[in-house]
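Take the given structure of chain A and dock chain B to it, following the hints.
Each protein sequence line maps, in turn, to chains A and B. Everything in the first sequence is counted per my numbering, starting at 10 for the first residue and increasing by one. Everything in the second sequence is counted per my numbering, starting at 121 for the first residue and increasing by one.
Among the clues, some could well be false.
List of simulated lysine-lysine pairs, BS3-like, C-alpha gap at most 25 Å [said to hold, decoys possible]:
no. : chain 1 : residue 1 : chain 2 : residue 2
1   : A       : Lys113    : B       : Lys137
2   : B       : Lys142    : A       : Lys113
3   : A       : Lys125    : A       : Lys113
4   : B       : Lys137    : A       : Lys124
5   : A       : Lys129    : B       : Lys137
6   : A       : Lys125    : B       : Lys142
7   : A       : Lys112    : B       : Lys137
8   : A       : Lys124    : A       : Lys112
9   : B       : Lys142    : A       : Lys124
Hint data in this document are derived by calculation from the structure and do not stem from the laboratory.
These are the residues of each chain, in order.
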Amino acid sequence: MATPPVTNWQSWLAEHGARLLLFARTQARCEADAEDLLQDALVEASRKCDGRPPDLPPDLPLVYATLRRRAIDLARSTDRRGAREERVMEEVDTCWFDDTIEKKETAQTIDRAMKKMPEKFREVLMLKIWSELTFAEIADTLGIPLNTAASRYRYGLEMLRRDANLNNLKQQ
Amino acid sequence: MKHEPEMDPAFEAELRKTLPAKLDDRLLGRLEQAVAAVPELQPHAMEFGWKFWLMPGMAVAALAIILTLKPGPQLSPQTPHNPTLAVDATETKEAPLELFPALRYNEVASAYEGNIIELPGQQPYRHMRLRSVDTFTWKDPNGPTRVEFTVPRDEHLLIPAEIH
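So that you can see chain A by itself, here it is in the shape it has in the complex (with noise of 0.2 Å):
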């Protein structure tokens, strides 16, 4: 992953916030759940960084694996407080993309894709396309072996293609 070094938590996040937060609301089932699994993820990850400076922030993959693993033990923990309070994701429609300006159309006909998904394709392609982890980083973060992390990108990226709206997306 060709990331230029960083030096500070502020341009960490600049440069890699949206797309932990893209990969946190594939994980979560409403943005508040999102919101709350980045953060918490993002503080454990620094706290096991040991012999690091305070101000240097953790690895890319060390957080997303964080993240997932948090994001499971709070779908645990939801699952056990019963359907009553299950909060289903689609309830805030919130675009996962940049959908200002001259790319809205685009970027809504991803995001409607991406949600269709089946999680398992959704992850894979979240983490290759947009976090830019490798394969190898991939199956890393969500344990699973290499090569079926590469078929589901390859499954996940034909179902985006086949997707009647995405047809013409490289003529947009």
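Frame of chain A; chain B shown alone:
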């Protein structure tokens, strides 16, 4: 990007042009505040995990093995044999044990009647030999300590005899 296989480079490039939604200022401020509140990390040396105890533990184990396998003091063949008793110079710090006689009894083990002894100008005597055992018991009044020792004893008697 590293050298990763790409399934459809053109399509992937198009997808990447659509950026994730940016963090709003509220969330950005919240995250910056949260990570700033993380306490400064302790250096490695101050952690008392298993790695901290590994080296001292290994040193103690090695010392214990050396002491266990070390041969004891060997007798030198050139040392002349000295039959003198070894003196234990160590002092016992325990209180001295006080014993008091508790029981004494005598038991005749066997009796042997011997010949008649006649001496000129005296009455005859009959020789008897009694083989007996004296048993002495000493006890500590403050505890269960009990010492018992026996002394065998032969007793020769001359008993005046009357000859009818």
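Here is what the structure says about each hint:
| no. | hint | verdict |
| --- | --- | --- |
| 1 | A/Lys113 - B/Lys137 | holds (12 Å) |
| 2 | B/Lys142 - A/Lys113 | holds (14 Å) |
| 3 | A/Lys125 - A/Lys113 | holds (18 Å) |
| 4 | B/Lys137 - A/Lys124 | holds (18 Å) |
| 5 | A/Lys129 - B/Lys137 | holds (23 Å) |
| 6 | A/Lys125 - B/Lys142 | holds (22 Å) |
| 7 | A/Lys112 - B/Lys137 | holds (9 Å) |
| 8 | A/Lys124 - A/Lys112 | holds (18 Å) |
| 9 | B/Lys142 - A/Lys124 | holds (18 Å) |
Comparing the model with each numbered hint stated earlier shows that all of them hold.
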